[in-house]
Amino acid sequence: MNKTVNQKAWFLVLPVLILVAFSAVIPLMTVVNYSVQDTFGNNQFFWAGLDWFDDMLHSDRMWNALGRQLMFSCIILAIEVPLGIYVALHMPKKGFWSSFCLVLMSLPLLIPWNVVGTIWQIFGRVDIGLLGYALDALGVDYNYTQDTMDAWITVIVMDVWHWTSLVALLAYAGLRSIPDAYYQAAKIDQASRWAVFRYIELPKMAGVLMIAILLRFMDSFMIYTEPFVLTGGGPGNATTFLSIDLVKMALGQFDLGPAAAFSLMYFLTIMAISWVFYTVMTTIDKRDGK
Amino acid sequence: MTDTAIPNVVTQATEMKIEKPRTTSKRMRPSGGAVVMGLYLLFLMLPIYWLLNMSLKTNSEILGAFSLWPRNFTFENYATILTDPSWYMGYVNSLIYVVMNTTISLAVALPAAYAFSRYSFMGDKHLFFWLLTNRMAPPAVFALPFFQLYSSIGLFDTHIAVALAHCLFNVPLAVWILEGFMRGVPKEIDETAYIDGYSFPAFFVKIFTPLIASGIGVAAFFCFMFSWVELLLSRTLTSVDAKPIAATMTRTVGAAGVDWGVLAAAGVLTIVPGALVIYFVRNYIAKGFALGRV
Numbered sequence: 001m002n003k004t005v006n007q008k009a010w011f012l013v014l015p016v017l018i019l020v021a022f023s024a025v026i027p028l029m030t031v032v033n034y035s036v037q038d039t040f041g042n043n044q045f046f047w048a049g050l051d052w053f054d055d056m057l058h059s060d061r062m063w064n065a066l067g068r069q070l071m072f073s074c075i076i077l078a079i080e081v082p083l084g085i086y087v088a089l090h091m092p093k094k095g096f097w098s099s100f101c102l103v104l105m106s107l108p109l110l111i112p113w114n115v116v117g118t119i120w121q122i123f124g125r126v127d128i129g130l131l132g133y134a135l136d137a138l139g140v141d142y143n144y145t146q147d148t149m150d151a152w153i154t155v156i157v158m159d160v161w162h163w164t165s166l167v168a169l170l171a172y173a174g175l176r177s178i179p180d181a182y183y184q185a186a187k188i189d190q191a192s193r194w195a196v197f198r199y200i201e202l203p204k205m206a207g208v209l210m211i212a213i214l215l216r217f218m219d220s221f222m223i224y225t226e227p228f229v230l231t232g233g234g235p236g237n238a239t240t241f242l243s244i245d246l247v248k249m250a251l252g253q254f255d256l257g258p259a260a261a262f263s264l265m266y267f268l269t270i271m272a273i274s275w276v277f278y279t280v281m282t283t284i285d286k287r288d289g290k
Numbered sequence: 001m002t003d004t005a006i007p008n009v010v011t012q013a014t015e016m017k018i019e020k021p022r023t024t025s026k027r028m029r030p031s032g033g034a035v036v037m038g039l040y041l042l043f044l045m046l047p048i049y050w051l052l053n054m055s056l057k058t059n060s061e062i063l064g065a066f067s068l069w070p071r072n073f074t075f076e077n078y079a080t081i082l083t084d085p086s087w088y089m090g091y092v093n094s095l096i097y098v099v100m101n102t103t104i105s106l107a108v109a110l111p112a113a114y115a116f117s118r119y120s121f122m123g124d125k126h127l128f129f130w131l132l133t134n135r136m137a138p139p140a141v142f143a144l145p146f147f148q149l150y151s152s153i154g155l156f157d158t159h160i161a162v163a164l165a166h167c168l169f170n171v172p173l174a175v176w177i178l179e180g181f182m183r184g185v186p187k188e189i190d191e192t193a194y195i196d197g198y199s200f201p202a203f204f205v206k207i208f209t210p211l212i213a214s215g216i217g218v219a220a221f222f223c224f225m226f227s228w229v230e231l232l233l234s235r236t237l238t239s240v241d242a243k244p245i246a247a248t249m250t251r252t253v254g255a256a257g258v259d260w261g262v263l264a265a266a267g268v269l270t271i272v273p274g275a276l277v278i279y280f281v282r283n284y285i286a287k288g289f290a291l292g293r294v
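Here the protein sequences come in this chain order: A and B.
Counted from 1, the first sequence has number 130 at position 130 by UniProt numbering; the numbering is strictly sequential.
Counted from 1, the second sequence has number 115 at position 115 by UniProt numbering; the numbering is strictly sequential.
Calculated from the structure, these hints are not laboratory results.
Positions of the beta carbon are idealized from the N, C-alpha and C atoms, including for glycine.
Among the clues, some could well be false.
[Unchecked claim] Pair ranges (Cβ atoms, derived):
| no. | chain 1 | residue 1 | chain 2 | residue 2 | range |
| --- | --- | --- | --- | --- | --- |
| 1 | B | Ala79 | A | Asn33 | 48 to 54 Å |
| 2 | B | Thr58 | A | Leu50 | 56 to 62 Å |
| 3 | A | Val25 | B | Thr58 | 31 to 37 Å |
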C-alpha cells in the first residue's frame, strides 16, 4: 500500500511514545546509570567508568550462563522446528478435525508460564508424577532435581511440549496459503512426496518459518519462569540461564553495578537479533506485496 | 517428543502410498496423518490431564497409592481455593491488572497502529523497530529498575504498577498486531469516508473500528494472555495487596510440605480463561503470535 506522507500522524503515535518511554526508556536509563557507577550503600555513588563491563566480560559466571543459554536455545530449535513442520504437514486441512487440532494444540501456548513449570514439576516427580513414575517403573534412574542430565532433558522436553505447537501453527498457516494448482502441477510431473516438500512446501513456508525460528530463539533466549519453577536453576547451576542468573544477581544479591552491566550487554544482544527479525519481516512483507 | 519418535518411521512409509491422491480424497488422508496427530496431541494432553487428575484427588491419595485416575473423586481442593481469600484474591488481583493493562494497551495502540498502517512520517520505521525491541526485551533486565521506579513514585504493590509494567511488551504487541490487520483494509475506504464528510474521530469509531473488529479482538486476547502468563515482573512489583495468582503459587512451592492437590487445582483454574476463548481465536493464534505478520 502506498502511504501518504503526513507528519501530523505523530500525534496519533504520541500516546504510545509517551507510555513506552515511561516504561522502557526511564528504567533503561537507570540501568545505564548503575552500570557506570559503584556504591558502598547509603545512596553514595561514584564513577566507575567501564570497569563493570570489563569485569563482566572476564567473569566465568556470565560466560557459563551464556554457554548454557546458547546450548539450550540451539537444542530446542533443532527439535521444535523439524517436529513442528512434521506435525503441520499432518494436520487435517479443514472441517471439524482441523478446529479440534487447532484448539488442543493452542492449549499449551496459553498456559501461564509458571503453571507450565508446575505441571512438569508434578509430572516428572518419581513419587507422584506419571512420567517419573513410569520411568522409575521401567528401571530408568530418573531424578530431575538431583541429576544434571535429567534436569536438562526435563527442561528441554518441557519447552518442546510448550512451544512446538507455535512452530506447527505458523507452518500450518504457511501451508494453507499454497494454492491447489501447485500440487496439481506436481502431480502431473509425478513429483515424489519429498520433491513436493522440498520444492513447493518448504519455499512457500520459508517466510513464516523464519518468523517462527526467530520468535523461538528470542523467547528461549530470555526464558525465566519455566525453568525457575521447575528446577530453580539447579541442580547446582546446571539450568541457570541468562535471565535466571541476572535476576539472582540483581534482586537476590543486589549487585547493582555488575547486574546493570550484564543487563545492558544482554539487551544490546537482543537488539541486534531484533534487527535481524525486523529485516526479515519487512523483506517478507515486501515480497508478498502487502 | 519421545512419544512421536518411534512411530515416525512407520507412518512415513504408509504416508507415501496414501499421499498420492492428495486433492481428490481428503477423507482418506487422516489414516496416516491421524496417527501422527494422535500421538502429538497425546503428548500435549498427558501432562495437562495429570494436573487435572491431581486436582481432583485428596492429598492422602496423591501421596499414597499411585493411580491413573482419582479413586476418591473430590472437589475439596477447588473449594479450598474458592473460599480462602489468600488464594482467590490472587485471581482477583491478576484479573484486575490484566484488564487494566489490556484497556490501556488497546487505547493507545489503536491510533498508533492506524498511523503506522496509513501514513509515512519522519522516523516511522525507526519507531516501529524500537517498539519491537521492547516486545523482545527480557523482563529480567527491567525487573530491578521497575522495582525502583515504581517504589520511588509510591506505586509499589498496586495493580496499576503491574499494568503499566506489562505495557512494556503489550503495547508494542498490540501495535504490531493491529497494524497487521489494518493494512488489510483498503485505503479507499478512508478516502471515501472523508469525501462523505466524516471527521477523523467519527470515521474511526463508526466505520473503521467495525472493519477491524476481529483484529481488535485478537489484539485484546493476546494482551490478556501475555499479561496473564507473566510472572517475573508481576511478582517483583507486588508484595501483599496486589499479589497475583502466579506468585501465590510459586511461594506455596517453597514451603515445607507442599499441598499438591491445591497447587494442581490452582494451576487448572489459571488455564480456564485461555481455554474458554481459545475456540473463537483458533484461526488467529498463528497471526497473533507472529505479531500480525502471517
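Query raised in the report: Which numbered hints turn out to be false for this structure?
Result: As far as the earlier hints go, only 3 is violated by this structure.
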